[in-house]
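There are 2 protein chains.
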Amino acid sequence: MSRRSGILEFAVLGLLRESPMHGYELRKRLNTSLGVFRAFSYGTLYPCLKTLVANGWLIEETSGTPEEALTAPLSGRRAKIVYRLTAEGKEHFEELLSQTGPDAYEDEHFAARFAFFGQTSRDVRMRVLEGRRSRLEERLEKMRASLARTRERLDDYTLELQRHGMESVEREVRWLNELIESERAGRDQQRSAPDSSARHDSTSGESGGLPRRRDDIPPPDPSDDTAK
Amino acid sequence: MSRRSGILEFAVLGLLRESPMHGYELRKRLNTSLGVFRAFSYGTLYPCLKTLVANGWLIEETSGTPEEALTAPLSGRRAKIVYRLTAEGKEHFEELLSQTGPDAYEDEHFAARFAFFGQTSRDVRMRVLEGRRSRLEERLEKMRASLARTRERLDDYTLELQRHGMESVEREVRWLNELIESERAGRDQQRSAPDSSARHDSTSGESGGLPRRRDDIPPPDPSDDTAK
DNA sequence: GTTAGCATGTAAGGAGTTACATGATTTT
DNA sequence: AAAATCATGTAACTCCTTACATGCTAAC
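Taken in sequence, the protein lines are chains A and B. Going letter by letter, the first sequence gives residues 1 to 228 in the UniProt record's numbering. Going letter by letter, the second sequence gives residues 1 to 228 in the UniProt record's numbering.
Rather than coming from a laboratory, the hints here were simulated on the basis of the structure. Please read all numbers here as calculations on a predicted model, not as lab measurements. Careful, some of the hints might be misleading.
One copy or two, it doesn't matter: identical chains are merged, so the pair holds either way.
Derived SDA-like pairs: lysine to any residue, alpha-carbon spacing no greater than 20 Å straight-line [claimed, not checked]:
| hint | residue 1 | residue 2 |
| --- | --- | --- |
| 1 | K80 | D155 |
| 2 | K28 | D155 |
| 3 | K80 | L210 |
| 4 | K80 | E170 |
| 5 | K50 | E141 |
| 6 | K80 | E95 |
| 7 | K28 | E130 |
| 8 | K50 | L136 |
| 9 | K142 | E106 |
Work out the full structure, taking the sequences as your base and the hints as a guide.
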């Protein structure tokens with residue numbers, strides 16, 4: 001029951017929900033899917049996996065399927081451990097998904113939550129988006145106030161740094177506004193049942209409707225991979 | 001000689017270079033000046049200050065000046081410790097300022113460096129800005145490659161998250177381009193002396209020229225202060 | 001007179017990195 | 001047959017937060 005990390009635990013469970021994987025692959029997916037925001041090392045990931053197994057959320061499958069076991073039978077070949085989500089793990093993840101406490105609005109936590117919106121029910125999505133937005137608006141308030149108080153004493157570079165920081169936050173607010181609007185637009189389709197005690201129903205990705213974006217993919221550029 | 005933090009050490013020395021301060025004030029300035037990027041707690045700051053004193057970079061002045069000492073003379077009044085940069089501390093900070101190793105291009109480290117650009121020589125400023133930019137460009141390369149590889153398998157939300165992340169990075173690159181251009185424009189004024197072994201001359205803030213920005217201050221809104 | 005903010009600290013612990021150690025498999 | 005990359009782990013260490021402990025001073 002140990003209180004392992006939050007973000008990492010959440011992301012691992014979420015990725016394994018889609019399909020079983022071994023540690024190495026998991027790490028790559030963590031660092032691209034949730035990519036810009038977080039990069040975990042093996043020294044973090046492997047111990048975490050152990051803990052999740054100990055909690056019963058995961059099981060290890062040592063080179064699993066019978067066919068594969070035959071490919072390398074009796075040699076003392078190093079195990080390739082595939083992790084699979086258990087029923088309890090699934091349940092636990094579902095519960096984490098439904099939490100909308102203030103933690104969920106912090107930078108990195110929010111990114112992790114967003115990455116799994118596809119598996120999140122619409123009302124939770126809304127709460128998270130709106131929570132994030134008001135968190136950012138608070139932050140803007142403080143920045144504005146502090147700027148007004150201190151702007152005389154600050155040199156140009158410090159000022160420029162603050163200006164750029166504020167603009168970044170404002171930009172994210174605008175992004176959230178768009179997202180929230182799309183979610184609202186996607187609603188009304190299926191008027192949420194008058195039953196207000198709506199239980200989160202496992203696969204409740206009602207795919208509201210993201211703002212369909214210009215599809216400018218850079219030319220299929222198959223280059224290196226290695227994440228440092 | 002203990003290897004204390006980097007960012008915090010750097011920022012403390014930089015702030016104290018401007019004027020002596022006590023811990024509480026220092027913390028507030030850290031969390032606004034370098035603000036958006038980093039928030040330190042007392043549990044971090046005070047021990048760090050002790051270390052810096054032990055290293056000889058700072059000295060403590062217990063309610064310092066004679067006049068002030070008279071205001072609260074013999075009562076066992078709790079000391080209000082003012083920290084002042086020593087000559088060695090100044091020298092050390094100068095040396096830190098001149099470092100342009102790869103660390104200086106990381107997110108938070110970069111922000112700290114930028115915040116003290118007013119006290120940094122122009123060629124170092126240029127190196128830091130350009131280093132940061134190429135760091136971000138590498139990151140963009142990886143993101144583009146990874147997107148091209150995996151885009152089919154990803155759901156809309158994950159895609160949207162990546163798109164937004166990339167846009168943020170691209171935006172920062174544009175910002176850096178502007179800054180670099182301004183620095184270059186500000187050069188040519190004082191053709192840097194043919195003496196290439198230019199020693200960083202203490203106060204070498206030749207204030208190149210930031211892009212003068214629209215001055216839209218929010219109405220002087222004197223509200224709350226408290227950080228959390 | 002009591003709440004809020006100023007001011008300084010410590011101890012315990014959480015979260016993650018780096019560097020090390022090992023070995024298998026694939027590509028060049 | 002060397003180099004790269006796949007694959008799994010551990011130990012030591014860093015950095016920072018939380019929660020606690022203390023007391024002063026200003027404002028309401």
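Here's how the hints hold up against the structure:
1. K80 to D155: Neither: 56 Å inside a chain and 28 Å across chains, both beyond 20 Å.
2. K28 to D155: Answer is between: at 17 Å across copies they meet the 20 Å cutoff, but 42 Å inside does not.
3. K80 to L210: neither (38 Å within a copy, 55 Å between copies)
4. K80 to E170: neither (46 Å within a copy, 39 Å between copies)
5. K50 to E141: neither (43 Å within a copy, 34 Å between copies)
6. K80 to E95: neither (30 Å within a copy, 49 Å between copies)
7. K28 to E130: Neither, since 30 Å and 28 Å both go past 20 Å.
8. K50 to L136: Neither way: K50 and L136 sit 36 Å apart in one copy and 34 Å across, limit 20 Å.
9. K142 to E106: Intra 16 Å, inter 25 Å, cutoff 20 Å: intra-copy only.
Comparing the model with each numbered hint stated earlier shows that hints 1, 3, 4, 5, 6, 7, 8 do not hold.
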